[in-house]
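Required output: the full structure, derived from the provided sequences and hints.
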Amino acid sequence: MSATELLRLENVERRFVLGGGLGGLLSGHRRVLHAVDGVSLTVAAGETFGIAGESGCGKSTLARLICRLDRPTAGTIRFDGQDIGQLDRRGLRRLYRDVQMVFQDPMASLNPRKTVGAILARPLRLQEGLRGAALAGRIERLLEEVDLRPGGEYAQRYPHELSGGEKQRVVIARAVALRPRLVVADEPVTSLDMSIRGKILTLMRELQARHGLSYVLITHDLRVLRIMSSRAAVMYLGLVMETGPTRALFARRLHPYTQALFAAEMVPDPDAARHTRGVLVTGEVASAINPAPACRFRERCPFRQARCDTVQPVPEEAAPGHWVACHRWREIAAAG
Amino acid sequence: MTDRRPPAAAAAAGPRRPGAIGLFLRKYGENRSAVAGAMLVAGLVALAVAAPLLTGHGPRQLGAVPLLPPGAEHPMGTDDLGRDIWAQFLYGGRTSLLVGLVAAAISTAIGVFLGAVSGYFGGLVDDAIQRVTEMLSIVPRYFLAMVTVAILGPTILNVIVVIGVLSWPPATKLARAEFVTLKSRSFVDAARMSGAGPWTIIFSEILPNALPPIVVQTILAVSAAVLMEATLSFLGLGDPNLISWGLMLNKAQTFLTIAPWMAIFPGLGISLFILGLNLMGDGLNQALNPRLRREAKA
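Which chain is which? The protein sequence lines are A and B, in order. Throughout the first sequence, residue numbering follows the working numbering, covering 1 to 336 in sequence. Throughout the second sequence, residue numbering follows the working numbering, covering 1001 to 1298 in sequence.
Simulated from the structure, these hints should not be mistaken for laboratory data. Model, not experiment: these values are computed from the prediction. Glycine included, each C-beta is placed from N, C-alpha and C at the ideal position. Be aware that a few hints might be false.
Examples of chain B residues toward chain A, derived with CB under 7 angstroms [claimed, not checked]:
| id | residue |
| --- | --- |
| 1 | P1069 |
| 2 | E1073 |
| 3 | S1184 |
| 4 | R1185 |
| 5 | S1186 |
| 6 | F1187 |
| 7 | D1189 |
| 8 | A1190 |
| 9 | M1193 |
| 10 | G1195 |
| 11 | N1209 |
Right under this line is the structure:
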């Protein structure tokens, strides 16, 4: 992993004030949701960086922040060395040649009133100024690149005339239309049937190999993480609990939350499942509203101690590139 | 998802899709009262448009015996000055139609634009627009219209503009609600990432999806405008140079006991037109609203 750094997040924070407005002012107490609470990570050119976590951990907010569909309340996001928070409208348009997104729900991410051709034409027209036959040809090739053949035929159709997998292929085609360098994929296969998930993931890998794309792959499915990503981060309530090479994460789970998350993963072999090491966690995900300065995971952690309630753990480098934010990772690693 | 045919098969099956329009027409046709409403409206519109062909009399042409009850020569009777009421009915329909359509177009255009801006941009812009909308909503509309027309003078143009300009709050509320919902759909984010600016997103991405309820609202706005024009005319604030159903009702008041036909026919015209428009609005709502459509299927 000596490749050049493409994306860098430094202490990125996104807070939402809940119940704002006059009522919130009058009642005097503000409820602040810490959706993303100081995330730092880097993504290298050509790699796939996975982000895993339960629903509500802030991973989708993080995706929107990276795509500048939302802005961080603190911290900076640099793409190719440039702070994307500083971009003006023209700079933003240039950014979107390099950064694109694949959305979770393909149905909601395709305008139901537009044909596939019209959907794909927009970025090509606005960003590359393509028109007429050149545009039609490019759209056709683009569709065939994502295995929608014949492309000219598919370009005529409306989203509701496509299957779920076909829709997601169109979404991917739109994302790679401008040959971006980074594609943020937010749960790209979650809403799809099991049978087509593999095909979509294969397509994504093919496109990566062909165009040297980087992916930020957001998923709650650890199998997807294992197949796709070279490095990954595990998030919990807006914080990165553990990050490192995917292989190391799977082999040497240091954070109790990582262990719990991985233990909850379904294992195909029942015997193996019975012997899976790891901790089982009970209870619901705690709230990210007005969190105390303590470990976010403490309520559900079997290794909880007094200092977990008062000190928020700082990420420590357990192995080269493998960071963990837990007070007791040494003991846990030694015991495990 | 019933139409998951491979594209080749879809192409072979003649016209590529059954078409949104075909589907809509079928759905609308199933609703009998909606069809009746459409026929009522179409009938009255046809009468108004074809007025000169349907009567030999001019609406202001004097000469017949005054206060003649309906008969062969004058199918709706005559008024106090001996003018043919059938002719007045036909030409009065033109006025109502003109006022209804133009005023509804004005109010819908203003309302949708403000609602779209309000819903899409949110924040301070939204607050400002919504407060103005609420202010206009709480002032009695008829009162405001009467005062304004009285000040500006009762010409047909003034009546249309005043009705149009005072009637946009419902369209604004509706468009705003649609835009607030639709702007959080990820196709809007995708359009933004395609390099589209806010106006492109508002008009080309979101508006087409918000259209069905807006169409319904527009139909209802036509009916409200027709009623408002009739009311203004009835109160003597309509254009005195143009015959309209409201004006006819106004004139009929004095003769209500001796010549009730003077009031019955224009009253019937207003009632049927508004009934028809409302039935149409209902039918359109059911045929266009995907939520109701899904319920109907289940």
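Hint check:
1. Below 7 angstroms, beta-carbon pairs count as interface contacts, and P1069(B) has none with chain A, the closest being about 56 angstroms; its hint is therefore violated.
2. Look at E1073(B): its Cβ only gets to about 55 angstroms from chain A, farther than 7 angstroms, so that hint breaks.
3. Interface restraint check for S1184(B): the shortest CB-CB distance to chain A comes to about 9 angstroms, outside 7 angstroms, so the restraint is violated.
4. For R1185(B), the shortest C-beta to C-beta distance to chain A is roughly 5 angstroms, which falls under 7 angstroms, so the interface hint holds.
5. Because the closest C-beta pair between S1186(B) and chain A is about 4 angstroms apart, less than 7 angstroms, the hint holds.
6. For F1187(B), the shortest C-beta to C-beta distance to chain A is roughly 4 angstroms, which falls under 7 angstroms, so the interface hint holds.
7. For D1189(B), the suggested interface contact is upheld, since its CB lies about 5 angstroms from the closest CB of chain A, less than 7 angstroms.
8. Proximity of A1190(B) to chain A holds as hinted, the smallest CB-CB distance being about 5 angstroms (cut-off 7 angstroms).
9. Among the interface hints, the one on M1193(B) holds; its C-beta lies about 5 angstroms from the nearest C-beta in chain A, closer than the 7 angstroms criterion.
10. Annotation: G1195(B) was flagged as interfacial toward chain A, and the flag holds, the nearest CB pair being 4 angstroms apart, inside 7 angstroms.
11. With a cut of 7 angstroms, the hint placing N1209(B) at the interface with chain A holds, because the nearest CB-to-CB distance is about 6 angstroms.
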